[in-house]
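Enquirer: What follows is the residue order along each chain.
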Amino acid sequence: MVQSGGSWASQQLAEFAATVAEFDTRHAAQQGALERAAEALDADFAAIVGHGEGVVASIGFPAGAVPAAELRAAAGEIGRTHVDLPGRRPRFSVTITNLENPEMGRLILGRDIEEPFGEEERNLIRGMARVFSLALRTLATLDELRERQALLERLSRIQQSISRGSDLQVTLDAIVAGAAELMAEPVAAMRLLHRERPGYTRIASAVGVPEPLLESIRDGRIGSGAGGLAIAQDELVVIESYGDHPESLAPMSAHALQAAMSAPVRERGEVVGALTVASYTQGRRFTASEREALLAFAETASLALTDARMVANAMHDSVHDALTGLANRVLFMDRVNHALESARRRPRSIAVLFLDLDNFKLVNDSMGHSVGDDLLMGVADRLRHALKTGDTVARFGGDEFAVLVEDVRSEADATKVAERILGSFARPFALRGRELFVTASIGIAVSDLGVQDGEALVRNADAAMYRAKSRGRAGYELFDELMRARVLQRLEIESELHRALARDELELAYQPVVSLTDGKVLGAEALVRWNHPERGLLSPGHFIPIAEEVGLIVPIGEWVLRTACREAVMWGHERLDELPLSVAVNLSARQVSNPRVVQTVRNALEMTGLQPQLLELEITESALIEEADRPRDNLHALRELGVKLVLDDFGTGYSSLTYLKRFALDGLKIDRSFTDGLGVDPDDTAIVSAVTGMAKGLGLAVTAEGVETEAQRSELRRLGCRRAQGYHFGRPMPAREFRRVIGALPSRAA
Amino acid sequence: MTMAMGLPPHRWVAVGTSADPHPVRAAEEAAGAALRHEDARLLVLFASDSYDLETLVPAVHARGRGAKLVGCSTAGEIATDGPAQASIVVAAFGGPGFSVATGAGREVTRDLRAAGAEAARTARLEHDCEHTALMLLTDGLAGGQQEIVRGAFSVVGSATPLVGGCAGDDFKMESTHQFLDGRVLRDSVVAAAIGSDAPIGIGVRHGWRRVGSPMVVTGSRGTHVLTLDDRPALDVYLERLGAPDHIDRDRGRAAFSRFAGTHPLGLSRRTGEEHVRAVAGADHDERSLSCFADVPNGALVWLMEGDEESVLAATDAAAGAALDALGGCKPLGLLAFDCIARRDVLGSSIKAEVDRLASVCEAPVAGFYTYGEIARTRGLAGFHNQTLVVLAVA
Chain A
4 MVQSGGSWAS
14 QQLAEFAATV
24 AEFDTRHAAQ
34 QGALERAAEA
44 LDADFAAIVG
54 HGEGVVASIG
64 FPAGAVPAAE
74 LRAAAGEIGR
84 THVDLPGRRP
94 RFSVTITNLE
104 NPEMGRLILG
114 RDIEEPFGEE
124 ERNLIRGMAR
134 VFSLALRTLA
144 TLDELRERQA
154 LLERLSRIQQ
164 SISRGSDLQV
174 TLDAIVAGAA
184 ELMAEPVAAM
194 RLLHRERPGY
204 TRIASAVGVP
214 EPLLESIRDG
224 RIGSGAGGLA
234 IAQDELVVIE
244 SYGDHPESLA
254 PMSAHALQAA
264 MSAPVRERGE
274 VVGALTVASY
284 TQGRRFTASE
294 REALLAFAET
304 ASLALTDARM
314 VANAMHDSVH
324 DALTGLANRV
334 LFMDRVNHAL
344 ESARRRPRSI
354 AVLFLDLDNF
364 KLVNDSMGHS
374 VGDDLLMGVA
384 DRLRHALKTG
394 DTVARFGGDE
404 FAVLVEDVRS
414 EADATKVAER
424 ILGSFARPFA
434 LRGRELFVTA
444 SIGIAVSDLG
454 VQDGEALVRN
464 ADAAMYRAKS
474 RGRAGYELFD
484 ELMRARVLQR
494 LEIESELHRA
504 LARDELELAY
514 QPVVSLTDGK
524 VLGAEALVRW
534 NHPERGLLSP
544 GHFIPIAEEV
554 GLIVPIGEWV
564 LRTACREAVM
574 WGHERLDELP
584 LSVAVNLSAR
594 QVSNPRVVQT
604 VRNALEMTGL
614 QPQLLELEIT
624 ESALIEEADR
634 PRDNLHALRE
644 LGVKLVLDDF
654 GTGYSSLTYL
664 KRFALDGLKI
674 DRSFTDGLGV
684 DPDDTAIVSA
694 VTGMAKGLGL
704 AVTAEGVETE
714 AQRSELRRLG
724 CRRAQGYHFG
734 RPMPAREFRR
744 VIGALPSRAA
Chain B
2 MTMAMGLPPH
12 RWVAVGTSAD
22 PHPVRAAEEA
32 AGAALRHEDA
42 RLLVLFASDS
52 YDLETLVPAV
62 HARGRGAKLV
72 GCSTAGEIAT
82 DGPAQASIVV
92 AAFGGPGFSV
102 ATGAGREVTR
112 DLRAAGAEAA
122 RTARLEHDCE
132 HTALMLLTDG
142 LAGGQQEIVR
152 GAFSVVGSAT
162 PLVGGCAGDD
172 FKMESTHQFL
182 DGRVLRDSVV
192 AAAIGSDAPI
202 GIGVRHGWRR
212 VGSPMVVTGS
222 RGTHVLTLDD
232 RPALDVYLER
242 LGAPDHIDRD
252 RGRAAFSRFA
262 GTHPLGLSRR
272 TGEEHVRAVA
282 GADHDERSLS
292 CFADVPNGAL
302 VWLMEGDEES
312 VLAATDAAAG
322 AALDALGGCK
332 PLGLLAFDCI
342 ARRDVLGSSI
352 KAEVDRLASV
362 CEAPVAGFYT
372 YGEIARTRGL
382 AGFHNQTLVV
392 LAVA
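From first to last, the protein sequence lines stand for chains A and B. Quick note: the first sequence uses our numbering, first residue 4, plus one each step. Quick note: the second sequence uses our numbering, first residue 2, plus one each step.
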């Protein structure tokens, strides 16, 4: 409980303190404190008269009619007890009180001359002044925090613009403008070391300097002007009496610049420039927090410069091939599209040459990657030299290169370039002390009105290159009308293939695999067919390569696996007392390297309940010679599922035995081309004999493909081959038919 | 060359009333009686909001032949012959001795202080007068009225006294109206700057007495008093005043409002006189009190009560103070801004209050029962509750 007697002043002070504490800006606190004090003391007016600033806040005067001169004069005399104000009734009693420090100013309260301020009231006012000073000090700290916050926000915005990859000039302009704005000065500039003039700097960005003046100071000596000094001394430079400074810039002095402050800007630690703010205000002093702010801006500029250089490098890296330094596919396509556009306007043609080294894999495999890389670099050099400067040469990856030739008047122009390139391959490549002759196949596509975009042009050149390969390599082919028709057909198939999946147009045929020992069916190879609504039944060769190119091989592969496994399970149900039959499914190289393949196989097994050892996955050699880790890892993971891995078409590729060992395969299939010559071509017989013997040694099951005659069958038996498939035993047949022949076959084939 | 005038400037004040329910006839009757001479400068209209104000106000204004008009809706009207309800009262200020300017501040609820300042700015006299006062009639339901007063004060300064009241709506507490010339406004402050070559006096008294010892406001938020002496404000308030149980139990506003109407808080002042804060309501769950004006944290307060005798004594004192301020000049008329709560205390004795006002000065009286009173002659505190403010012109 509070006693009323004598506590009025302390209660008023408590109220005052509570009121003043609620304001959050300096201005509001000043106004609020005056009101509260005047209210408590029934004052007619109250004012804060600042040190050298005049009246900073007042109440009790009509708006726009504050008697500033009289109040200032009164505030000068601390002991004064009365004051006359113009146009007001008699004089006023006043009391004048110092705030905490002279910078805050003095508090004046005035009231009717009949009611002078008593001692208790003066004590109260002194108490209020103290409380108020404390509040102002707190608010000053708050203001400083707000300034800091503003600085941080501005820097953060600039940082964001840097990380968004904004243009360096835009970023530098933002930094310069931000520094000027934060310090409330009109002039700011950034100097960077002059690229062509050693010992000089150049203004890279500026605000508040008129154009003619800017021109006169744009280039400057290191050590001259605030910025030049900051660069020379590698530290913050503050000039607060600009005209008198020995290193001031004459045009700026003449322009009445009063003060300048500059902070060094660095790139990777080295001084490369300076950020300067300057003032036309006489007597301008830069506060400690302003100095810190400028250093912070300069630091941001340093980061921006360093980042910009990195971005420029990254930009180059992103469009260039790391190994050869040639353009990469991205840059090449960009150039092609630009060239196409300008060719259309002129009108001229452009040509794209698609080049692929012959037998590059062989080099890589037999001589090692680093030699392969050396060869690719050597090829890049030859291509550069074989071409005119305006032409673009790019590496698309692997051993694929592309050349853009602009301003082509006829196909002959393009074929001349191809001949020049092929001519440059006539000399051997010197690789690690060895000489190696390398050839290349080139496809050429020349733009004409029919070509809409660069992608099509490159695709055409690629198709022509394949033609060159198939015609014996080491040559070039022009993309022509026939190839165009084929390309169109492929495009058509592509779109139809999408439809095929959706409409269930795919089906599986099963070709029996039989035991050459007793003639019993051991299983079947599942072969996918496309029951095309217009073209009839299409074999895998007609659409699987396209499906691989356009990525449809994955869903098709999933469907094939699932369907084949389900079918094999059905066979088991119908032949409970006999040996279970296996089913073989082809996996393309692309499927093997697909990250989902293991999961796909596992799903197919789990969904159908087929025992893993009854599933044979047939893979091609090309899947094995992929260099990447993924296919290798996938094959190992597949083996761990318990399925059998079989090498398809053995003998057609490199037929390297190392693959058989490295991947611990379960078996191989002898290509039909060897089976064909059995009993006719002694070489083929020898090869089959060798392969069979070798496979036996490695514990691999050998299956002969393409057995069409009884003679071939008995020859294979003689050579020790245990399994075979071919028309002699049965063509690929629908599932229902295969089920019917299971068990019937042995009697026919025995 | 200057020439001394042979005759003193002429000023006159007259009041007319009407209880005719028809707005045009009421305007005719009241304005007709008030417009005793041709040269009216200002009409002040206080009207019950039982009238069709949109018809009434232009009708009164039209009668004034170019005289400015300010006014507002009321919670009861006051005139020379007594208090009334559902009536109108018109006071006319005329003659070359008066200068008048009127204005308004809009959107009070959006920014109280700005509206107060705008009203004062727009009601600026064309030339300086020896004696001035700024009359403010505000939307009494707009919240912290002290801010309106401060806004006006920031424009006119301490040399111009502020006087006036908050418009009412016959205690419906829904919405109030302010009148400016022929227009009816809402959410506004209307102002009339009155300049005169004779003195203008203002008297302020409330007539409440302290109950018990003072307390410290230990928790407040604007107009809400949360704790007194660190205890829930509503508990302290009801206990100390010995309020009957049903006041707290009955959560409908009526019982509490009636009780609170005669039991304000008094804020400690330098002069030893209290500044009255009417208790407007209570939050029975939060156990807090809400007032019609700010109650600062840390303030020293008393609970207060009054009776017929103390209220009538205040009437005499307020009128006396206003007349004293005329410096011996004969009063021409009085305007009274009387809190509705005082009428509740007086009950049937209310006629006695108005009779006293009229008899002390033998001049016409006009006024209204308000939702808050404005009077600032000293210092800054210019908003009052449950108080009588009297303006006397000579």
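Derived by calculation from the structure, the hints in this document are not laboratory data. All figures in this text were calculated on a predicted structure; none of them were measured in a lab. Possibly wrong hints are sitting among the right ones.
Claimed, not checked - Partial pick of chain B residues on the chain A-facing surface, computed with a CB cut under 10 Å:
#, residue
1, 34
2, 37
3, 96
4, 121
5, 129
6, 161
7, 212
8, 217
9, 260
10, 331
11, 361
Here a beta-carbon is modelled for each residue, glycine too, at the ideal position from N, C-alpha and C.
Enquirer: Can the hint on residue 121 of chain B be confirmed by a CB-to-CB distance to chain A that is less than 10 Å?
Expert: 8 Å, holds
Enquirer: Hey, does the residue 34 of chain B contact hint survive, CB to chain A under 10 Å?
Expert: Violated: closest Cβ of chain A sits about 37 Å from residue 34 of chain B, beyond 10 Å.
Enquirer: Would the hint on residue 129 of chain B stand, with a C-beta cut-off of 10 Å toward chain A?
Expert: 8 Å, holds
Enquirer: Answer holds if the nearest beta-carbon of chain A is closer than 10 Å to that of residue 96 of chain B; otherwise answer violated.
Expert: 25 Å, violated
Enquirer: With 10 Å as the cut and Cβ atoms as the points, is residue 260 of chain B at the interface with chain A?
Expert: Cβ of residue 260 of chain B sits 24 Å from chain A, so the hint is violated.
Enquirer: Quick check on the hint: residue 217 of chain B CB to chain A CB, less than 10 Å?
Expert: With a minimum Cβ separation of about 5 Å from chain A (threshold 10 Å), the hint on residue 217 of chain B holds.
Enquirer: So, residue 361 of chain B near chain A? Judge it on the closest CB pair being under 10 Å.
Expert: Violated. Min distance 25 Å.
Enquirer: Checking hints one by one. Is residue 212 of chain B an interface residue toward chain A, by the C-beta closer than 10 Å rule?
Expert: 13 Å, violated
Enquirer: Would the hint on residue 37 of chain B stand, with a C-beta cut-off of 10 Å toward chain A?
Expert: 33 Å, violated
Enquirer: Using Cβ atoms only, decide whether residue 161 of chain B comes closer than 10 Å to chain A, and label the hint accordingly.
Expert: 8 Å, holds
Enquirer: Hint residue 331 of chain B vs chain A: min CB-CB distance below 10 Å?
Expert: Hint violated; residue 331 of chain B Cβ to chain A Cβ min 23 Å, cut 10 Å.
Of the numbered hints listed earlier, those contradicted by the structure are 1, 2, 3, 7, 9, 10, 11.
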